[in-house]
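Spelled out, the chains give:
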Amino acid sequence: MKPELGVCYYPEHWPEANWAKDAARMIETGLTWVRIGEFAWSRLEPTPGNLQFDWLDRAIETLGSAGLKIVLGTPTATPPRWMMDKFPDMRAVDAEGHLRKFGSRRHYCFSHVGYIDECKRIAQILGQRYGRNPHIATWQIDNEYGCHDTTLSYSDAALNAFRRWLADRYGPIEALNTAWGNVFWSMEYNSFDQIELPNQTVTEPNPAHVLAFHRFSSDQVVAFNKAQVDALRPLTDAPLLHNYMGRVLDFDHFDVGDDLDIATWDSYPIGFLSDRLEADEAHRVAFLQQGDPDMQAFHHDLYRAVGRGRWWVMEQQPGPVNWAPYNPAPLPGMVRLWSLEAVAHGAEVVSYFRWRQAPFGQEQMHTGLLTPNGHGAPGLAEARQAADDLAALGEVQPARAPVAIVFDYASNWAWTTQPQGAGFDYFRLVFSAYRALRRAGLSVDFVPPAKVGEKHYYLILAPGVAVLGSLEQQLLQGCDLAIMGPRTGAITEDYQIPHAGRPGLDHLSSHVDLIETLPPQVVRTVDGGGNAEHWVEHLSGEAKTKLSFADGTPMLQGDAGLWYLAGFPDETLWDRVITMAAKETDLTLHMMPAGLRRREMQSHEVLINYNAHPISWNGLQIEGCDVLFRKHDSH
Amino acid sequence: MKPELGVCYYPEHWPEANWAKDAARMIETGLTWVRIGEFAWSRLEPTPGNLQFDWLDRAIETLGSAGLKIVLGTPTATPPRWMMDKFPDMRAVDAEGHLRKFGSRRHYCFSHVGYIDECKRIAQILGQRYGRNPHIATWQIDNEYGCHDTTLSYSDAALNAFRRWLADRYGPIEALNTAWGNVFWSMEYNSFDQIELPNQTVTEPNPAHVLAFHRFSSDQVVAFNKAQVDALRPLTDAPLLHNYMGRVLDFDHFDVGDDLDIATWDSYPIGFLSDRLEADEAHRVAFLQQGDPDMQAFHHDLYRAVGRGRWWVMEQQPGPVNWAPYNPAPLPGMVRLWSLEAVAHGAEVVSYFRWRQAPFGQEQMHTGLLTPNGHGAPGLAEARQAADDLAALGEVQPARAPVAIVFDYASNWAWTTQPQGAGFDYFRLVFSAYRALRRAGLSVDFVPPAKVGEKHYYLILAPGVAVLGSLEQQLLQGCDLAIMGPRTGAITEDYQIPHAGRPGLDHLSSHVDLIETLPPQVVRTVDGGGNAEHWVEHLSGEAKTKLSFADGTPMLQGDAGLWYLAGFPDETLWDRVITMAAKETDLTLHMMPAGLRRREMQSHEVLINYNAHPISWNGLQIEGCDVLFRKHDSH
Amino acid sequence: MKPELGVCYYPEHWPEANWAKDAARMIETGLTWVRIGEFAWSRLEPTPGNLQFDWLDRAIETLGSAGLKIVLGTPTATPPRWMMDKFPDMRAVDAEGHLRKFGSRRHYCFSHVGYIDECKRIAQILGQRYGRNPHIATWQIDNEYGCHDTTLSYSDAALNAFRRWLADRYGPIEALNTAWGNVFWSMEYNSFDQIELPNQTVTEPNPAHVLAFHRFSSDQVVAFNKAQVDALRPLTDAPLLHNYMGRVLDFDHFDVGDDLDIATWDSYPIGFLSDRLEADEAHRVAFLQQGDPDMQAFHHDLYRAVGRGRWWVMEQQPGPVNWAPYNPAPLPGMVRLWSLEAVAHGAEVVSYFRWRQAPFGQEQMHTGLLTPNGHGAPGLAEARQAADDLAALGEVQPARAPVAIVFDYASNWAWTTQPQGAGFDYFRLVFSAYRALRRAGLSVDFVPPAKVGEKHYYLILAPGVAVLGSLEQQLLQGCDLAIMGPRTGAITEDYQIPHAGRPGLDHLSSHVDLIETLPPQVVRTVDGGGNAEHWVEHLSGEAKTKLSFADGTPMLQGDAGLWYLAGFPDETLWDRVITMAAKETDLTLHMMPAGLRRREMQSHEVLINYNAHPISWNGLQIEGCDVLFRKHDSH
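Chains as they are written, first to last, in our numbering: chain A, 1497 to 2131; chain B, 1497 to 2131; chain C, 1497 to 2131.
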């Protein structure tokens, strides 16, 4: 694989006279891919049925003949204003009951059948016109599903679809009442038509009700995407993809990904650190202009799994963005670093957002590779440098990761519904585990529940996986050591506490007597070092205790092949657990200093320094904000 | 009186085969009471008019014949789903105008006449069937009025009832305009039909309007409860009760209590510390797993007054709950401590919530005495221990309290409407007074305004009582020394500043020149020690000044039998004031160390140590999380 | 000019028997003006068409014949309840879609044509009756436009008017689409009827859309005011005025002011410090009972510009108010200090709010000069003292200010729409510039964009002025040195980034490569001292760099007559910039200690000490909370 670079471009924003010059300059910059079209519906069809594709024909011809491969987007994330006149009820309704208005983007409800038909129609028109066009090398469907809290909708369209979905799933209403435990608080229904969406209840709704609504809502995203896939497949052989967003967890990306060929995601490291990560002030300041050293890698590894090995960065931050609470600039070198880091994790393409900063609209303060009037912004030179680096690097292949983490979107829905403590969060827990593996210098895979056991690992972590069921056996077979807990296997598919006890703990003949959640200023000390924070389970039973709390109760119980963590580990405790696990499994660790990270490729060890200062490690010197590709034979 | 223990149980949640075993195990645990039925409407009447009481007959027979006395609840806090079809407008509307939906509990508006009739009907059906059943030893009406902010409703039903209530209270509209001062900002009405509920106004509504709405809303709760009382009274001789919640102040519990025989409350010490108390971080951490040392006692004493001497804890926290922001476990010994502390304050029964943890529904993370699959949770052994302790204690009687605090729900409504400073809160003020009395080792009574003067005390505190009127005379007659202020007597019944001056201060020939409220970081130092915080009144007049602010202005003015506090005292200042009051009245104080509390019974001095560590006091050693019943003759 | 004092009075709140006594006591206190009538509609017209003016005739006669000059208010800020029956849709709708209810004040939408007609009618009736009454010396129209967030309304009336306003402004819909850049995200409209108000969109709306809505909303306030001006002008020769509020920026006060004769504002120094100013805790505590030392002066200077030289304080805080989060009392001397400070800035009249504290209604905790039952509150003696001081002072004239700041309401709308960083705020920026000038002892003028160049100054600051256009030339001509930046000239009238570059920077042959915003804990150090905070621009180009960031990039670039600041200066950096500018322009600075401020009059140098302690400065001693008028010849 030879990784390439690309850029997002909006021909409809610029005079046609500039297109060829822009294309030439892209090529000069070392870019080989360009994404277009994904917000252009009002230009493709200014009024209903009035198709205007000439300009797009010419744009494709201009860009393609300059030597660029094109990602063509379906414009369904931005239905034009006239669509609202046709379907006034097509927009999503928020949890407070407000119909979300036209005037920005993503103004549709995933359950609106009329709009889905319109999306199939426009996808088919695009497919018919460009499906065999040699310049169209891949297709993007819609844009950033779930962004701006758009997965959950409380519209009538959603309500009706939810009732049908429930009836399909549960059959007779009595089955639903039993599955959900509706006898509690007399919540029993006489028919599916009595079921409402779970918002605006007097106090919290039944968690089974909420979890079902999340599952349904995720399925609606999958079906929405599938409708366009089905329209395009007969018309093109080019691969289909979608661009996901970081830490958007409202729908199951694996399920959407199963219908597509490539997963891509939109990587905004500095924006994410500012508003999507739990971190203390010192960490925020230290990495203010670099982003968190694990957040990008986490998503690279996650979307590699979503794409079944094929993945891109579709939108790479090239400078300050416009949407975080504070928007500082990347330190010099970071745009290049982010690009190369993605390649180290196996990206086929890294594509910058966007070519030229828009002088109008909501994102006019979002930097591009060029300023609005066409000067090179600081990101341009770094993109050029990254292109040179990639040329020098040549052909590369990802290495096999020795360890994996189970990532399960439904667990996030479950624990968001009943966190039990304000400090407990599924992503936060999984991310703490991921960080621990990365501090140990390990390359990490993510595995969706459905695929656990397909590949074998030294070690699989499955913290907080809500529903275990038969996954337990797959886990035990899929690795030398599986570490579960805290909260793994804690509920059934229908949000009940498993009657027979928790699958994983049962295997250890252990059980949970009590669960506690802790405020931020309180932790539980573990004998020998480290603490549990946020979440603590009181275990009893016959399993061997490998780590104990200061009061002698078990923190880590385990047996051959299966360990269980009775609390949410802090960094010190995670490091102890990973070290113990490495001993158990003959896994080699490479302890990394703060801000320096390591990723294996088949041919290279890649060292990525998120610090502003140089770091010495293992006899190597890595400059601040720099990446070192060390050939395996270069010792 | 021989105090007893009980438990809350939901036969409808469990296989009928288990009922007898559960009952036997309750008896083994030393429990003699069981509460059932209060959320079972959907099982008693699955569809309109389709009564299914066989299962309840059998449950009552099984539990009763095992030796348990039964509290039977009316199920009106959870109307079944079909009721919503009958009365779509029966649910409460919140201040933002949202109809609160079905799917949890308490989904009704207290003003909906159709639903009130349904409640009378189901209460009557229950009364007819079980009113003379020997196992039914008492009745609980509804469950936790006011919980989940359900007292105030902005529905059409409430609006119409409010207009009638106003017309009844004020007669001609001109009288209301005058009483409320509606000439201010041209708010005058031409008829009662023009009056809206006081939400969503451009800026704050007239405080007189808001206070009237609070009074009305409280009266609606009283009437709602009374409807079921009237249905049951002819059908049973068993006492009637309700289970109130801690720090729920939206309706007048004394008024509801006047129609019942026993007051009970639901005591969740750790949940309350986490989300219902002003406290600094050090205090929250020190008592994280015990609860605040005065919060339970406060409510015990308050509900003893509401029950006119007869009161229970209906729901006692047995382990972590599910609803606070953080839910840590009680320290070992605390479940027993809470139980015995309640007895020390005169509880007839302490009943744990709940027998077995539910594996489904909203409260599946709420601990019971048993885990969902029937293991004994930590609380079970402590309940057994408490039962043994009570058996050893034998017959007890409460002692007479030497001091009292006037507790007035309407004052809370008044000061919530116009706090004037964000730090001023009625409960906070009264609780600070209560804590001061407890630091002095005193047993405390609460007295509603209507009963001041019925019993005589050494000392009565009446801080923040909004409307004095004729209460002033009762206060002076009811004790050797009454301490008023701050903000006592500050408004009239219709929320005006009394034209003639404040009743209490007038008695002292003193008056208020100015009122200040202070941010948290600013206090006013008092000569000789201590500070006023939050609220300061500038007094002038002829009364003797007993304590002065650093600038020489009066902090405490007083005369024989009546003192007035010109600010909100901090702990040091409260201690000084109580010490001065004790000298004035020959009251004996017992200064207590932090976390140790004292309560007198006729036969015993009870010492309750909320600290995790042992405490020595007065020659006695009290273990951490322990209770000592010291016989008065044991010196 | 001989400055005078006045007071706000509500005859309709008090027995008629008291009016004459009140009037006599006002005169005794040294007051010569009284404002009445502005909330009295329900007494003037209790039912539609039923005019009741006798009481007002008598009140005017009583007050006037006592020697008081009367400001008569039109009562349009408080339409009576029956008006809601006539126009149920006349009330504003908030951004969440709630119709704001009757029951307080300002319950109208500026765009409701029916209500505007009613306002014209009542103004005309008042004008016909009192337009030539010799006691009516001036007229106040409405009260505190914009207070309680009432400028923006999302009602149908506003929507329809907005569409007409847009059609008038833009002509064909294509022009609007182009001007707003609606091609972005396919936001193009086919007709004006498709345009909605910019609330409740899925994510942020187009900033051009929001800015247009702000401009429209401001124009609606201007038109609303103008309707009453037009009704009154033919009927009276007395000057017309309005009372604005501090830091209310939702409409353009200059535009409203252009239709009036005098600008007045309502000054509540302690309330403002508590809830309308960015400040650290130390500053809040130091000036808790005095108010911020620059906030009042800022508004005095601003409203002098709004009134084209003629301005008053219509409502002067006389003691604690009722509406801030915390409401402490002014320190002794502050009521007098505030009064005299206003005079130093050129106020014609300072009028206290209010004569006697109301015992009812929303403001019953708002202090007056008298307590509700008629005692003198602390403010009364200070008002009397201020009257004596003014008598001693005699005739005064304001001096010419050597420096000016451009103040542009539209810039606030622009930057509120897209702050880009949570720390960036237009008022905050301008206020920081104002403070810097005041620390240098300078008297300051504000200049609206339309009048830049009419007077010549040594120095004009134009920080954050959003749209420069032809203003650039006026600025350069209007002063010896203009300092622009940060963010000056950053957008066009239609919220686009200027295609040709920023006007001011272009003049310097400089341009912006990148913009960063910073969180509070991060600053950018400037060589030689001081920091930029919140906002940093990366400049490049040929202009001379006068100050550099630590990394060598420009912080201040400049050429003869024009300097540009590339960041938001902290206090140290502002002081450096002002000092450099003074050298450049031969401006004399008078560096002031903290809390002491200086204002020039023609005859006097006035020194105002906001500190509680005395200050020595320039050989003078100024007591705490005191004002010193030093005659220029008194050296």
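Honestly, I wouldn't trust all of these hints.
Unchecked claim - Derived BS3-like pairs (lysine-lysine); straight-line CA-CA distance at most 25 angstroms: (1) A:Lys-1597 with B:Lys-1597; (2) A:Lys-2079 with A:Lys-2042; (3) A:Lys-1597 with C:Lys-2127; (4) A:Lys-2127 with A:Lys-1498; (5) C:Lys-1597 with B:Lys-1597.
Hints listed in this document are in silico derivations from the structure and should not be mistaken for laboratory results.
Do the hints match the structure? See the list:
1. A:Lys-1597 with B:Lys-1597: Distance ~24 angstroms between Lys-1597 (chain A) and Lys-1597 (chain B) Cα, so the pair holds.
2. A:Lys-2079 with A:Lys-2042: Answer holds: Lys-2079 (chain A) to Lys-2042 (chain A) is near 13 angstroms, not above 25 angstroms.
3. A:Lys-1597 with C:Lys-2127: 63 angstroms, violated
4. A:Lys-2127 with A:Lys-1498: 16 angstroms, holds
5. C:Lys-1597 with B:Lys-1597: 24 angstroms, holds
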